[in-house]
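With the hints as your guide, set chain C with the ligand onto chain L.
As they're listed, the protein sequences go chains L and C.
One point on numbering: in this note's numbering, the residue at position 455 of the first sequence is 462, and numbering is uninterrupted.
One point on numbering: in this note's numbering, the residue at position 156 of the second sequence is 310, and numbering is uninterrupted.
No lab work stands behind these hints: they were computed from the structure.
Note that the structure is predicted; figures quoted are calculated from it, not measured.
Note that CB positions come from ideal geometry on N, CA and C, so glycine has one too.
Check the hints yourself; a few may be wrong.
Listed below are the simulated EDC-like cross-link pairs for lysine to aspartate or glutamate, each with C-alpha atoms no more than 16 Å apart in a straight line [to be verified]:
hint, chain 1, residue 1, chain 2, residue 2
1, L, 232, L, 217
2, C, 439, C, 282
3, L, 120, C, 591
4, L, 120, C, 207
5, C, 518, C, 603
6, C, 602, C, 523
7, C, 559, L, 137
8, L, 487, L, 428
9, L, 494, L, 442
10, L, 232, L, 216
11, C, 330, C, 357
12, C, 310, C, 357
13, C, 330, L, 190
14, L, 334, L, 151
15, L, 494, L, 441
16, L, 494, L, 506
17, L, 469, C, 163
18, C, 518, L, 428
19, C, 602, C, 558
20, L, 487, L, 381
21, C, 478, L, 403
22, C, 518, C, 591
23, L, 469, C, 164
24, L, 258, C, 183
25, L, 120, C, 203
26, C, 478, L, 289
27, C, 518, C, 593
28, L, 258, L, 289
29, L, 232, L, 185
30, L, 494, C, 456
31, C, 330, L, 185
32, L, 487, L, 403
33, L, 487, L, 349
34, C, 310, C, 359
35, C, 330, L, 189
36, C, 478, L, 217
37, L, 258, L, 216
Distance windows between CB atoms, simulated [what the hints assert, rightly or not]:
hint, chain 1, residue 1, chain 2, residue 2, range
38, L, 83, C, 560, 36 to 42 Å
39, L, 212, C, 358, 21 to 27 Å
40, L, 212, C, 528, 25 to 31 Å
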Amino acid sequence: MTALNSAGWRPEMNAGGADDTTTFTGNRALMLEEPLLFEIGSTGTTGVDFDEDAPAADLGALARSAPIGLPGLSESETVRHYTRLSRQNYAIDLGLFPLGSCTMKHNPRLNEKVARMPGFADVHPLQPQETVQGAYAVIHELAEWLITLTGMHSVAMSPKAGAHGELCGVLCIKAALEARGEDRRVLLVPESAHGTNPATAAFAGFAVEDIPATPEGRVDLAALKARLGPDVAGVMITNPNTCGLFERDMKAISDAVHAVGGYVYCDGANFNAIVGRVRPGDLGVDAMHINLHKTFSTPHGGGGPGSGPVVLSAALAPFAPLPFVTKDGESFRLIEEENAGEDHPKTFGRMTAFHGQMGMFTRALAYMLSHGADGLKQVAEDAVLNANYLLRSLDDVLDAPFGASGPCMHEALFSDRGLAEGFSTLDIAKGLIDEGYHPMTVFFPLVVHGAMLVEPTETESKAVLDQFIGALRSIALRAKNGDPALKSAPHFAPRARLDETLAARRPVLSWSDGAAGD
Amino acid sequence: MRYLPLTPDDRAAMLAAVSASSIDDLFVDVPAAARLSGPIEGLPAHASELAVERHMAALSRQSHAAGDGPFFLGAGAYRHHVPASVDHLIQRGEFLTAYTPYQPEIAQGTLQMLFEFQSQVARLLGTDVANASMYDGSTACWEAIVMARRVTRRSKALLSTGLHPHYRSVARTMAKYTGDSLVDGDPSLEAGTDWAALAAAVDKETSCVVVQYPDILGRIDDMRALAAACQAAGALLVAVVTEPVALGLIQSPGEMGADIVVGEGQSIGVGLQFGGPYVGLFACKSKYVRQMPGRLCGETVDANGKRGFVLTLSTREQHIRREKATSNICTNSGLCALAFSIHMTLLGEAGLRRLAAINHGRAKAAAAELAKVPGVSVLNRGFFNEFTLLLPVEARPVIHALAEKGILGGVSLGRLYPDNAGLANGLIVAVTETVTEEDIAAFAAALKEVLA
Ligand SMILES: Cc1ncc(COP(=O)(O)O)c(C=O)c1O
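Next up, chain L with everything else stripped away, as it sits in the complex (with noise of 0.2 Å):
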């Protein structure tokens, strides 16, 4: 174990003399340093206490000898280390975190509750099917929302989040080119796209394409309908757009693309915006992904789980990855591998072990109830409508590429065009760090310099908002003038910036006791 705080203060540090905010701990008051559970645990601490000794094991040859090297804590520095940990994180529970595209809403807490009813957390994916009917009960429930709330003909409710959604629509197009013993090669996708749709159709070897665009920051029509072909076998196109536009041309584009045999896939991150406004269904889409981690606000949880179910056309439906549930009067059934001959002949096959992500869909599910019909509808409105209103209460600080191109839906997009020499999209992100903010989404979409992408969602007040436009149209402004304070921000996080050069060059992955490297 390592003395002090090696994650703080170290004698070092004062070596030019201690400053007034030096501590010796590290800490500063309620600014907790925490050292690495490798440095405070140790092999033979447990926080679980059993009831019984562990019995001799016969395992022969294969029985573990070596120390595997697992630091254990008791109970409670258990909770002290994760507390103290979490407390170096911003959340949306701490206050607005606009990051573009990522849909960063409050996380209702009924839907926590719900999550861990016995009936849903504590039965196994493999039981008897007439032991779990009110799991099925759940996503067969679910699944009939998104079929209403998109106009889709199904949807296969497997994937494990939106990357692994959009992976199901293609391979449903690969199936169905396959069916009509087609062997089409391209799939198109903007260069605005994420970085999930050109990487997901090379992953099921697809060749990509780019989609021009227009100077306005949509599709450009012409040169799609230029490209299409006899080798092309769809699109996969982001409506609303990461530009955060409405894509105007989308139903001209599906019929575009449909005249040449081709699919159109839609990345449904976006649909929050529009959730009673219009139906996916509606715009000749194909297949969209859905992510419930963002639209019907499934916690994000530090990076994951997502969920990303997809919904399908009826000519992609038949080809829907096993498996499913179904309802046959009043009881559940599921489709799998051993029914699926006769009832579902055309599947491209299972895409991950079980049903997809359950705890996911319960919180969905109570999040839609709550809502109802009538507050989705208005959930999609308060986004748009406070995505406007800090569009047009900072476009004359900061440049909005987009602008004049219309209302913009969820999400508001600014370029770092006018700052000052040296100066960029970065040092804005820190400084609202310094603000008590989660920056915006920076750098994406690709197609706008130092692009900074703002969703502040529907589940912010106006006076959030207001505060929120106050504090970056002064950091625009300082940015501008070259405030050279920013440059050095945040300056009053648990971090300064870091060094992410130093660990790409010499990659530290893993602890490793004595020398430092892995």
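Just chain C with the ligand, lined up with the frame of chain L:
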């Protein structure tokens, strides 16, 4: 609506501020033909917290929860006791309502936790490095096959017959469309995995051999000879662990020479949850780190020289490399990784070893008791906490008959391999520390009755 803070006055003021006469003005880009007017038909209106809770509780009661009676299911998802503090800590808003730590200065909590998680996973699996999680074991398994293809520039993967059939299905689905070739098959109840044949099948086209440990039938075998055969042929050995608690008692795949070790981390900290969300574990030798999928957290220093953590080696990932990325994964299983890490911290090495030993002892006791039922025998020679019973009749109807008696008696091979009549009498039984002696006695008695 309780989650929406804007008041009607706010909305009016804000519409005026953006020069819109009504909210419809902000949706002008939606073509008129597709615009919806009025509330969505066919869906109910908003509901109170009480009403929603009632509705969901009624649905919850329509399932037989694992805790409602004797419970013996495994086959890739295991019921372990999760200490109360785990669920409390993962519900701290600072963990629950944060996202991928893109801004490290205000995400050190998540980042340090991920660094600790990666370190725990690497040690448990016996490898150098682990990533910050995948969706689940089955998707991690396919990602390992893809990674082996990248590393070896070969595209034939040999899947051991002991691999979970759903993991194999996922690989088959993907391989159908990526052009990878898979050599696979069903396990046999008459003989163990033919390790010599598997090793002999590794050739110059083989990218990897995928083996599960313990395997789908609960068998545990030494994979050292196979690792050597892979190495000799320039192929990678991929080991899949669906029950990581086992590694408290048996040697890790990494120690036995596996190049990539993937797994399902659900059994530590996460709970059954009807199949998800779970947490995919992904670990490998450090020489392959730049070919790994998913997020990686690494140590660095900040501008003041203080230690800190960041997401690193991102040039592998979709947001930088797009179609050239090692994987399309973005959102992963962060919160489940946290649950895993907290539970592992509570256990520590001593606790994990003891938990594993208790599981093993309980399973041995159950196997002995169940083998006394007339006509029933245990297939396995060795096992950890899961074994396969051979019944005198098909296992599927037996499972349903047991369920009627309130006993969830395992996973029938007929459910997992519906096309293979030769496996129909097999029943996979898992026994963890949550199973009591009374549960075992009740199971044995009921099985006897059902088979009589
Ligand atoms: C536009 C867009 N598409 C796709 C994704 C991928 O979704 P996920 O992270 O759930 O895989 C995201 C978010 O990360 C996104 O913002």
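Results for each hint:
Between residue 232 of chain L and residue 217 of chain L the alpha-carbon distance is near 13 Å, which keeps this suggested pair within the 16 Å criterion. For the suggested pair residue 439 of chain C and residue 282 of chain C, the alpha carbons sit about 5 Å apart, so the restraint of at most 16 Å is met. Straight-line distance between C-alpha atoms of residue 120 of chain L and residue 591 of chain C comes to about 32 Å, which puts the hinted pair past the 16 Å bound. Annotation: proposed proximity of residue 120 of chain L to residue 207 of chain C holds, straight-line Cα distance about 9 Å (limit 16 Å).
Proposed proximity of residue 518 of chain C and residue 603 of chain C is contradicted: the alpha carbons are some 22 Å apart, above 16 Å. A distance of roughly 11 Å separates the Cα atoms of residue 602 of chain C and residue 523 of chain C; the hinted pair therefore holds under the 16 Å criterion. Proximity of residue 559 of chain C to residue 137 of chain L is assessed by CA-CA distance (about 13 Å); at most 16 Å being required, the pair is judged to hold. About 8 Å separates the Cα atoms of residue 487 of chain L and residue 428 of chain L, which keeps this hinted pair within 16 Å; it holds.
A C-alpha spacing of about 15 Å is found between residue 494 of chain L and residue 442 of chain L, which places the hinted pair at or below 16 Å, so the restraint holds. Proposed proximity of residue 232 of chain L and residue 216 of chain L is supported: the alpha carbons are some 13 Å apart, at most 16 Å. For the given pair, residue 330 of chain C sits about 21 Å from residue 357 of chain C by alpha-carbon distance, which is inconsistent with the 16 Å threshold. Restraint check for residue 310 of chain C and residue 357 of chain C: the C-alpha separation of about 9 Å stays at or below 16 Å, so the hint holds.
At most 16 Å may separate the alpha-carbon atoms for a hinted pair to count; residue 330 of chain C and residue 190 of chain L meet this at roughly 13 Å. Distance restraint check for residue 334 of chain L and residue 151 of chain L: the Cα-Cα separation of roughly 11 Å lies within the 16 Å cut-off, and the hinted pair is therefore satisfied. Our distance criterion of 16 Å between C-alpha atoms is met by residue 494 of chain L and residue 441 of chain L, whose separation comes to about 12 Å. Between the alpha carbons of residue 494 of chain L and residue 506 of chain L the distance comes to roughly 14 Å, so the proposed pair stays at or under 16 Å and holds.
Distance check on the hinted pair: residue 469 of chain L and residue 163 of chain C sit about 10 Å apart at the alpha-carbon level, within 16 Å; holds. Taking the CA atoms of residue 518 of chain C and residue 428 of chain L, the gap is near 72 Å; set against the 16 Å cutoff, the hint is violated. Taking the CA atoms of residue 602 of chain C and residue 558 of chain C, the gap is about 14 Å. The hint holds against a cut of 16 Å. Annotation: proposed proximity of residue 487 of chain L to residue 381 of chain L is violated, straight-line Cα distance about 43 Å (limit 16 Å).
A C-alpha spacing of about 38 Å is found between residue 478 of chain C and residue 403 of chain L, which places the hinted pair above 16 Å, so the restraint is violated. The straight-line distance between the Cα atoms of residue 518 of chain C and residue 591 of chain C is roughly 12 Å, inside the 16 Å bound, and the hint therefore holds. For a cut-off of 16 Å, the pair hint linking residue 469 of chain L to residue 164 of chain C stands: about 7 Å separates their Cα positions. At roughly 12 Å between alpha-carbon atoms, residue 258 of chain L and residue 183 of chain C fall within 16 Å of each other, so this suggested pair holds.
Distance restraint check for residue 120 of chain L and residue 203 of chain C: the Cα-Cα separation of roughly 11 Å lies within the 16 Å cut-off, and the hinted pair is therefore satisfied. Distance check on the hinted pair: residue 478 of chain C and residue 289 of chain L sit about 34 Å apart at the alpha-carbon level, beyond 16 Å; violated. Of the pairs offered as hints, the one joining residue 518 of chain C and residue 593 of chain C holds, with about 14 Å between alpha carbons and a cut-off of 16 Å not exceeded. Taking the CA atoms of residue 258 of chain L and residue 289 of chain L, the gap is near 8 Å; set against the 16 Å cutoff, the hint holds.
For the given pair, residue 232 of chain L sits about 23 Å from residue 185 of chain L by alpha-carbon distance, which is inconsistent with the 16 Å threshold. For the suggested pair residue 494 of chain L and residue 456 of chain C, the alpha carbons sit about 14 Å apart, so the restraint of at most 16 Å is met. For the hint linking residue 330 of chain C to residue 185 of chain L, the alpha-carbon distance of about 11 Å falls within 16 Å, and the restraint holds. In summary, the hint linking residue 487 of chain L to residue 403 of chain L is supported, as the alpha carbons are separated by about 12 Å, within the 16 Å threshold.
Under the criterion of a C-alpha separation no larger than 16 Å, the hint pairing residue 487 of chain L with residue 349 of chain L is inconsistent with the structure, at around 66 Å. Proposed proximity of residue 310 of chain C and residue 359 of chain C is supported: the alpha carbons are some 6 Å apart, at most 16 Å. For the hint linking residue 330 of chain C to residue 189 of chain L, the alpha-carbon distance of about 15 Å falls within 16 Å, and the restraint holds. Distance check on the hinted pair: residue 478 of chain C and residue 217 of chain L sit about 14 Å apart at the alpha-carbon level, within 16 Å; holds.
Note on residue 258 of chain L and residue 216 of chain L: the hinted pairing is violated, with a Cα-Cα distance of about 21 Å set against a maximum of 16 Å. For residue 83 of chain L and residue 560 of chain C, the Cβ-Cβ distance of about 38 Å falls inside the hinted range of 36 to 42 Å, so the restraint holds. Remark: the range hint 21 to 27 Å for residue 212 of chain L to residue 358 of chain C is upheld by a beta-carbon distance near 24 Å. Between residue 212 of chain L and residue 528 of chain C the CB atoms are about 53 Å apart, so this pair departs from the stated range of 25 to 31 Å.
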